[in-house]
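If you read the protein sequences in the order shown, they are chains A and B.
Residue 288 in the numbering used here sits at position 288 of the first sequence, and the numbers go up by one each step.
Residue 63 in the numbering used here sits at position 63 of the second sequence, and the numbers go up by one each step.
Because the hints were derived from the structure by calculation, they are not lab data.
Heads up, some of the hints might be wrong.
[Unchecked claim] In silico EDC-like cross-links for lysine to aspartate or glutamate, where the CA-CA straight-line distance does not exceed 20 Å:
no., chain 1, residue 1, chain 2, residue 2
1, A, Lys194, A, Asp76
2, A, Lys194, A, Glu176
3, B, Lys111, B, Glu83
4, B, Lys17, A, Asp375
5, B, Lys17, A, Glu378
6, B, Lys17, B, Glu27
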Amino acid sequence: MNLLPLLYRELWHRRVNAALAVVAIAGTVALLVAIRMLTGAAERETRRVMRDIGFNLRILPRDVDPDRFLTEGRSDKTMPADAVNRLAAAAGAFVSFNHLTPSLERLVQMGGRDAILTGLGSSVVGPGEKKQPMGFSIPEGKAFLGSTLALRLGVKAGSSIEVLGRSLEVERVLVESGSDDDVRLFTALVDAQKMLGLPGRISEIKAIDCLCLTADQDALGLLRKALSQALPEAQVLQLRGMADARARQRQAAERYSAFAVPLVLLIGAGWVGILAVLNVRERRSEIGLWRALGRGSFWIAGLVLGRAALLGGAGAALGYFLGTRLALSQGPQLYPMTAGGFVADPALLGWALLLAPGFAALASFLPAMLAVAHDPAETLRAD
Amino acid sequence: MLTCHTLVKTFAARSGKIVGLDGVSFELGRGEFLVIHGPSGSGKSTLLLTLGGMLRPSSGSLTLLGRDPYALSPSDRTRFRAESIGFVFQLFHLVPYLDVRQNILAGLPKKDPAEAERADALISELGLESRATEFPGTLSAGERQRVALARALVKRPALILADEPTGNLDPENAARVFQRLAAYRQAGGTVIVVTHGLDAAPHASRVLRLESGRIVPQPPAAHLL
Ligand SMILES: Nc1ncnc2c1ncn2[C@@H]1O[C@H](COP(=O)(O)OP(=O)(O)OP(=O)(O)O)[C@@H](O)[C@H]1O
Ligand SMILES: [Mg+2]
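If we strip away everything but chain A, and leave its shape as in the complex, we get (with noise of 0.2 Å):
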């Protein structure tokens, strides 16, 4: 008789056994399944709440001084505008960085009060980031207007606004965000430099976190670095805020499934084993007997890996689905912003019973010396 009928029949004749190893080999795969769809969601989260509040890092001349930047708002210095394109060649900056956006910024006077213009450039992209720049590009000759600042003008999208001797043509009025960002007029970098004076000038660099590093990474520290090198005239500054905990939020995920993962596995690899040592104890006179009918050592062990790797299948079908269920219930209202990229993911399902029935065999390697070790007479003598 071939092995695998035989051990169909066996799994169907010691069912009992064989679901509670099931189970353990399904619940460690759901558990692993559900964790890698969350930390990848809470990756997600982090970068959505990171575009929608903005750039989180801001690099400035060096000559700026913080505590002017930080109750001003602004940086009073310019530097040089190839000064993005000179970061983005050195080495070392995209590694953590993936948009970095030039602008000039300074306090105008528009209908009697102060207002704020800010000429943004295009970003330069990392080598490996198609998508679009997180912010927006303003053609020359445009302007996007704050809320506030387009109702003290008493201006719509369409209209013209003269801002310090220039024509602009308004191409659209902001929805109001509660920030500063409500009195500002963003132009075109080349605009803002006309409307200043200050050609071939920016007042500072902002940048956005790719996320892409783990958590014992620096990412702070590795732009600096490469600041240094590349850009010894200027600093760089790092605003705290959401995207700041949330990032945390994403590190301590990492490191606590950093922690989990291993765990998960060492309890599902111990039950399995277990199971597997009672299932070959139980069986010790069905081993002894096939040696005495003439079977070898490598067919006693296939009885019991074969077994295993059988089970490993079983439970990594039920634990991707039963995974999946758990992700796409709960990850939702844990991670409200990006809820619509839960899906199922069926390449984790490949994984899975690539990876399970391995993993039961390994687990069940012990139990499979033991039946080979096993000195048949012990058995066969039975008076």
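Starting from the structure of chain A, add chain B with the ligands where the hints point.
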């Protein structure tokens, strides 16, 4: 066919060394039916497993079908056993999750239609037709022993080793088993049966008595008992 010379088997036990076989020597020709009897603990099972290549003796020599099974590599010994020796055990040792027919076929190393046919012939010969698809758990002791016997017979081994094959059977079933083994001998097989008593003696070509691991002279008139 079989020659063993001063076979000794000792076991290490908590109380010290236990002697299972204490210098067993005999010869057996092809077509013989040997009955070895003796009291419990005299070493009958130990001797049978040693002769069957399942238990390496501590010393002494064994030649079976011209070969020393313990001089073979483990895999060669396994193949030798599969091809040449059929075991029948007192406790049957059927595989609980295989039905009667599958249990009989489990004795065959390779799938062979001729052997499957022989299995079916044995099933009807041993009166197991109505049980062929039952599992061992539902069989009576006599039926189980017939299945175990069929499993040993189906591969037509040169030598059948039976360890108290009738220990759990009523006299009627016991007689059936011995008759079948005797028929196998008639067909050219060689049989060794170990038992407590002498029920198998009428079929035997030779009877040996084992006591404390040694072959001892027959008590007078043992054949008449
Ligand atoms: N694996 C073992 N470890 C220790 N002692 C053993 C072992 N196998 C057999 N013995 C001892 O060897 C002696 C012979 O045992 P064996 O099973 O061969 O007796 P037996 O003649 O078959 O007895 P029974 O008629 O009760 O089946 C006994 O004293 C037994 O305790
Ligand atoms: Mg015995």
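Next on the checklist: Check whether the Cα positions of Lys194 (chain A) and Glu176 (chain A) lie no farther apart than 20 Å.
Outcome noted: Measuring from Cα to Cα gives roughly 28 Å; hence the hint is violated.
Checklist entry - Is it true that the CA of Lys17 (chain B) sits at most 20 Å from the CA of Glu27 (chain B)? => result violated (28 Å)
Item to check | Agreement of Lys111 (chain B) and Glu83 (chain B) with the hint, judged by alpha carbon distance not exceeding 20 Å | outcome: holds (13 Å)
Checklist entry - CA of Lys17 (chain B) to CA of Glu378 (chain A), is that 20 Å or under? => result Holds - the C-alpha atoms of Glu378 (chain A) and Lys17 (chain B) are around 17 Å apart, at most 20 Å.
Checklist entry - Can the restraint linking Lys17 (chain B) and Asp375 (chain A) be considered satisfied, given a maximum Cα separation of 20 Å? => result holds (19 Å)
Next on the checklist: Does Asp76 (chain A) sit within 20 Å of Lys194 (chain A), going by the straight-line distance between their CA atoms?
Outcome noted: holds (17 Å)
Hint compliance for this structure: hints 2 and 6 are broken, all remaining hints hold.
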